[in-house]
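What follows is each chain in one-letter form.
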Amino acid sequence: MTKAEIAQSVHDHVGLSKKESGQIVESVLDIIRQTLTNGEDVKLSGFGHFMVRAKHERRGRNPKTGDEITISSRRVVTFRASHLLKQKVIGGDE
Amino acid sequence: MTKSELVDAIVSLEGQITRREAEVVVNNILTAIGDALGRGERVELRGFGSFYTKERDARVGRNPKTGASVSVPAKIVPQFKPGKELRDRVDSAS
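Residue numbers (my numbering), protein chains in the order written: chain A, 143 to 236; chain B, 73 to 166.
Hints were generated in silico from the structure; no laboratory data involved. Because the structure is a prediction, the values reported are computed rather than measured. Using N, Cα and C, we set each Cβ at its ideal position, and we do this for glycine too. Please note that the accuracy of each hint is not assured.
[Claimed, not checked] Negatives, chain B to chain A, calculated, CB over 12 Å:
| # | residue |
| --- | --- |
| 1 | Gly119 |
| 2 | Val132 |
| 3 | Pro136 |
| 4 | Thr138 |
| 5 | Ser164 |
[Unchecked claim] Quick list of in silico lysine-lysine cross-link-like pairs, DSSO-like style, CA-CA up to 30 Å:
| # | chain 1 | residue 1 | chain 2 | residue 2 |
| --- | --- | --- | --- | --- |
| 6 | B | Lys75 | A | Lys145 |
| 7 | A | Lys230 | B | Lys137 |
| 8 | B | Lys126 | A | Lys185 |
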């Protein structure tokens, strides 16, 4: 599934024009992205939490050459699916 | 940021949409992604990231309180991998 198909779903269910639907899907993703960039978590109840985590600098290895390298400290986004989303995914198979 | 704060942010960004409409849009987007994952489909959102499902094998776990072993059945879990743009933006802002 792509952005276009999500926009189509918004168009079908909400009654916005196709153009508006595409725009609003883009806006939603933009806002989430910007909030995470500011270092703030995004908690979407019933779906999941996007969290920004700070990683410390650590020693790592290039798996190809075996060279030891320093992996610098960085910030990463992690996602924790809500119970509801987990159930939805398991659903069909049980 | 919570879901209702996300809805507020959309309303102030889009102007001619009502709060109720924005709320329906956000829920529709999240439902569409969840439904696709429920069908085992991958959801790829350019510039944002991908949602997909992963199979977990059955395993023998332990009740951490009693130490009794329990069998954990195989299951399917939702996953999110941030896209390059999201990764770079969140990291460079640190």
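With d taken as the least Cβ-Cβ distance between B/Ser164 and chain A, does d exceed 12 Å?
Nearest chain A Cβ is 8 Å from B/Ser164, so the label is violated.
Run the distance test for B/Lys126 versus A/Lys185: straight-line Cα separation, threshold 30 Å.
With a Cα-Cα distance of about 22 Å, the restraint between B/Lys126 and A/Lys185 holds, given a limit of 30 Å.
Given as non-interface: B/Gly119, which should sit over 12 Å from chain A by C-beta:
Nearest chain A Cβ is 7 Å from B/Gly119, so the label is violated.
Hinted pair A/Lys230 and B/Lys137, Cα distance within 30 Å
holds, 29 Å
Beyond 12 Å from chain A, beta-carbon-wise, is B/Pro136?
At about 20 Å from chain A, B/Pro136 clears the 12 Å cut-off, so the statement holds.
Should the label of B/Val132 as a non-interface residue stand, given a Cβ cut-off of 12 Å to chain A?
Answer for B/Val132: holds, closest chain A Cβ roughly 20 Å.
With d taken as the least Cβ-Cβ distance between B/Thr138 and chain A, does d exceed 12 Å?
Correct as stated: the minimum Cβ-Cβ distance to chain A is 24 Å, above 12 Å.
Decide if the proposed pair is consistent with the structure: B/Lys75 and A/Lys145, CA atoms, cutoff 30 Å inclusive.
Satisfied, since the Cα-Cα distance of roughly 20 Å is no more than 30 Å.
The structure does not agree with the numbered hints 1 and 5 stated previously, though it agrees with the rest.
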